[in-house]
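Protein chains: 2
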Amino acid sequence: MAKKLKIGLFGFGCVGQGLYHVLSNSKGFKADIVKIAVKHKEKARSLDKSLFTYDKYEILDNPEIDVIVELIDDADEAFNIVSYALSKGKHVVTANKKLVATHLKELYDLQLKNNVSLLYEASSCGSIPIIRTLEEYFDNEQIEKVSGIFNGTTNYILTKTIAEKISYDAALKQAQEKGFAESDPTNDVEGFDAKFKAIIIALHAFGIISKPDEVLNIGITTLSNNDINYAAEKNYKIKLVPTIKRLSENEISIFVLPKFVASSNHLFFVDNEFNGVIVDGEFSGEQFLQGRGAGGNPTGAAVLSDISALSYGYKYEHKKQKQNPNLKFTNNAEIKVYLRYTTKDSLAKFKFNAITEQYSGTDYNYVIGNINLNEIIKNKDLIKSEKLFVAVAGDEINLIREDVKAENKKLILS
Amino acid sequence: MAKKLKIGLFGFGCVGQGLYHVLSNSKGFKADIVKIAVKHKEKARSLDKSLFTYDKYEILDNPEIDVIVELIDDADEAFNIVSYALSKGKHVVTANKKLVATHLKELYDLQLKNNVSLLYEASSCGSIPIIRTLEEYFDNEQIEKVSGIFNGTTNYILTKTIAEKISYDAALKQAQEKGFAESDPTNDVEGFDAKFKAIIIALHAFGIISKPDEVLNIGITTLSNNDINYAAEKNYKIKLVPTIKRLSENEISIFVLPKFVASSNHLFFVDNEFNGVIVDGEFSGEQFLQGRGAGGNPTGAAVLSDISALSYGYKYEHKKQKQNPNLKFTNNAEIKVYLRYTTKDSLAKFKFNAITEQYSGTDYNYVIGNINLNEIIKNKDLIKSEKLFVAVAGDEINLIREDVKAENKKLILS
Numbered sequence: 063m064a065k066k067l068k069i070g071l072f073g074f075g076c077v078g079q080g081l082y083h084v085l086s087n088s089k090g091f092k093a094d095i096v097k098i099a100v101k102h103k104e105k106a107r108s109l110d111k112s113l114f115t116y117d118k119y120e121i122l123d124n125p126e127i128d129v130i131v132e133l134i135d136d137a138d139e140a141f142n143i144v145s146y147a148l149s150k151g152k153h154v155v156t157a158n159k160k161l162v163a164t165h166l167k168e169l170y171d172l173q174l175k176n177n178v179s180l181l182y183e184a185s186s187c188g189s190i191p192i193i194r195t196l197e198e199y200f201d202n203e204q205i206e207k208v209s210g211i212f213n214g215t216t217n218y219i220l221t222k223t224i225a226e227k228i229s230y231d232a233a234l235k236q237a238q239e240k241g242f243a244e245s246d247p248t249n250d251v252e253g254f255d256a257k258f259k260a261i262i263i264a265l266h267a268f269g270i271i272s273k274p275d276e277v278l279n280i281g282i283t284t285l286s287n288n289d290i291n292y293a294a295e296k297n298y299k300i301k302l303v304p305t306i307k308r309l310s311e312n313e314i315s316i317f318v319l320p321k322f323v324a325s326s327n328h329l330f331f332v333d334n335e336f337n338g339v340i341v342d343g344e345f346s347g348e349q350f351l352q353g354r355g356a357g358g359n360p361t362g363a364a365v366l367s368d369i370s371a372l373s374y375g376y377k378y379e380h381k382k383q384k385q386n387p388n389l390k391f392t393n394n395a396e397i398k399v400y401l402r403y404t405t406k407d408s409l410a411k412f413k414f415n416a417i418t419e420q421y422s423g424t425d426y427n428y429v430i431g432n433i434n435l436n437e438i439i440k441n442k443d444l445i446k447s448e449k450l451f452v453a454v455a456g457d458e459i460n461l462i463r464e465d466v467k468a469e470n471k472k473l474i475l476s
Numbered sequence: 063m064a065k066k067l068k069i070g071l072f073g074f075g076c077v078g079q080g081l082y083h084v085l086s087n088s089k090g091f092k093a094d095i096v097k098i099a100v101k102h103k104e105k106a107r108s109l110d111k112s113l114f115t116y117d118k119y120e121i122l123d124n125p126e127i128d129v130i131v132e133l134i135d136d137a138d139e140a141f142n143i144v145s146y147a148l149s150k151g152k153h154v155v156t157a158n159k160k161l162v163a164t165h166l167k168e169l170y171d172l173q174l175k176n177n178v179s180l181l182y183e184a185s186s187c188g189s190i191p192i193i194r195t196l197e198e199y200f201d202n203e204q205i206e207k208v209s210g211i212f213n214g215t216t217n218y219i220l221t222k223t224i225a226e227k228i229s230y231d232a233a234l235k236q237a238q239e240k241g242f243a244e245s246d247p248t249n250d251v252e253g254f255d256a257k258f259k260a261i262i263i264a265l266h267a268f269g270i271i272s273k274p275d276e277v278l279n280i281g282i283t284t285l286s287n288n289d290i291n292y293a294a295e296k297n298y299k300i301k302l303v304p305t306i307k308r309l310s311e312n313e314i315s316i317f318v319l320p321k322f323v324a325s326s327n328h329l330f331f332v333d334n335e336f337n338g339v340i341v342d343g344e345f346s347g348e349q350f351l352q353g354r355g356a357g358g359n360p361t362g363a364a365v366l367s368d369i370s371a372l373s374y375g376y377k378y379e380h381k382k383q384k385q386n387p388n389l390k391f392t393n394n395a396e397i398k399v400y401l402r403y404t405t406k407d408s409l410a411k412f413k414f415n416a417i418t419e420q421y422s423g424t425d426y427n428y429v430i431g432n433i434n435l436n437e438i439i440k441n442k443d444l445i446k447s448e449k450l451f452v453a454v455a456g457d458e459i460n461l462i463r464e465d466v467k468a469e470n471k472k473l474i475l476s
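First to last, the protein sequences are chains A and B. By the count of the working numbering, the first sequence reaches residue 476 at its end, each step adding exactly one. By the count of the working numbering, the second sequence reaches residue 476 at its end, each step adding exactly one.
Chain A with its partners taken away, still in its complex shape (with noise of 0.2 Å):
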């Protein structure tokens, strides 16, 4: 049966507050907000001051609440937090993406010597159980890929791009007027939430535990007019697109790029600040999810839903880090792109392994071939400072197998 909760909630912004309502008014919901630990004392709160604390020790040596609720923005604290809540034998909820992808290894390790149970499914693609079905749907599933669109900031972006056909800096713009966007947009337009969002759900589909500085992200800052007409004419859309792939028994490749979607994908109709995420599996095929991937009702409900699961006992079971316990991870992998390019010296920069078309013209010109992953990778600086565009051009993911034998020689002779 369901027992009580006592919580300790850290951060009562727009989830915070959503959360606290829907507590408080849900029928047969056994939690118990008990205090809120926030970081402006002059702000004015809906609620009565004793319910506040401005001590995070307040909440967190205090024995009678067992479960954190961490909801703040800063995640260098909210590590501090969770890693001292998780040592005191707390359970812990946090919908921080970037707290769990960069420290997913120590929390991982946290939440085994210690017992508890630390969840996160509002950490990933919004209202969208995607932690949870993996862990526990596809728990004996091999999976092949996952994929999708998990960042709505740059998907509302990229759909007013193509559908209004306006410049990326004008439709940041309104993204930023309509509160999709943050001033400093950094973290979502260059691709690093997306990132975070694809390590977590990589750990829960494949059992992997990869670092976000080995993972390349590209996000679409440096998208031009020229590659939004490219998309319009061949009937495209261009989504921002993370990547999980299984390359082979043992080798997985996560990366984030902006990707051409044909009206065939799941994901040329996701659109606006909606996510989406497609899993391959090896027997029930191409499962699709969609849902709001931001907000504070949808992240509201994924946070809600972990608490209701912790009054059940519930925490992750890692099943698929017990199964693939050889999985690695690679950028040694071949991919099919469009590379916008300015001057014959930049894109002399790239090595392609192979060219299937290119154009110049007066406005622009680009090839699109297959490469390494590792190409884009060494000339990551160089895309940002030339304003070059990469997207994905095609479904075609691979192992580049004349590396992995020379790797394997390599193994052999030392």
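You can take every hint at face value.
A pair holds if it fits inside one copy or across any two, identical chains being indistinguishable in the list.
Listed below are the simulated SDA-like cross-link pairs for lysine to any residue, each with C-alpha atoms no more than 25 Å apart in a straight line: (1) K384 x Y82; (2) K398 x N415; (3) K66 x N386; (4) K240 x D342; (5) K296 x G423; (6) K390 x N87; (7) K68 x K150; (8) K411 x N436; (9) K296 x D333.
Worth flagging that the hints you see were computed from the coordinates, not collected in a lab. All values reported here derive from a predicted model rather than from experimental measurement.
Got chain A sorted already, so can you dock chain B onto it with the hints?
Same frame as chain A, now just chain B:
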């Protein structure tokens, strides 16, 4: 930790064979198929003879076997097997929607009484984890509506009629040749299969136990080329859409009817044998799940997922039922429909609350208007005998309040 399950399997068709294959080859999966009960002694089997039995009690009375996986066609015999197994304290996994929907109350009571787990994810929407998602993820979310495409056979037929502009009969023939429809397709094309699934899903989304007899199902057998042309003109697709909708705090409607679907609806893009489910939650907003609706592997994957959950002691908690003890089923709802009719006399049999469009031509006649669901139920035989076509033509579904007041009055008076 997971415990090793000893399974008795009933049925060895394509799902059963796929399941056996997966269980035998899966790494880390803790379940053995001890015995398989089959009907036909003369059939050649791919496995050793000693694994098979023709006597169900050899499995049901075997104390070593703790899990029954039931995958036979015959719903009545399946009920005998499943109810016997439950009362013997064995856990059961089944894919049989007719069995579950028809005996929902008895099975619910039996599993409670015997403190065993009955799981049936594969019964509804193939590989889409809809029941588990509703049970676990939306357990504390107030669901407003669930609708979708729950039947792959009719969706395949309807996709063909629209995409290739062929008649219903020609599309049905194609579906039968491809193995998507059985030689007697009644169960699918009359909407029974979709209804069974809707009844099962309604239990997990809302906690209501409804009976197949009280839930309207109108299928697609009377679809004419006129209706197909009408849909094409308006840029609609025709889908068979089961709908489960909360009408008020305590009232809920369930019905299966064809529906004109515009491209603004997710279901517009769910074609061929695919299934899709839209879940409207109060906080999470609209969630959409799509996946393969039929076939050995997707069904096998869902069965496998249930077996895996059993190895962790999982059972449905039926929290929704505890949260909504007063929820009642009603057909007293107003919906907007398109009705293609033959004669004025047949049209007159339908009491519309309001007619918003009418068309009369040499080819065909239709009206579009608001009507009480009960009016359609009343005329179910007429629709079939005169080959009228009814399809939902709008998203609004409203409780008929006048009637409620009248009923309340009755209650007060009596």
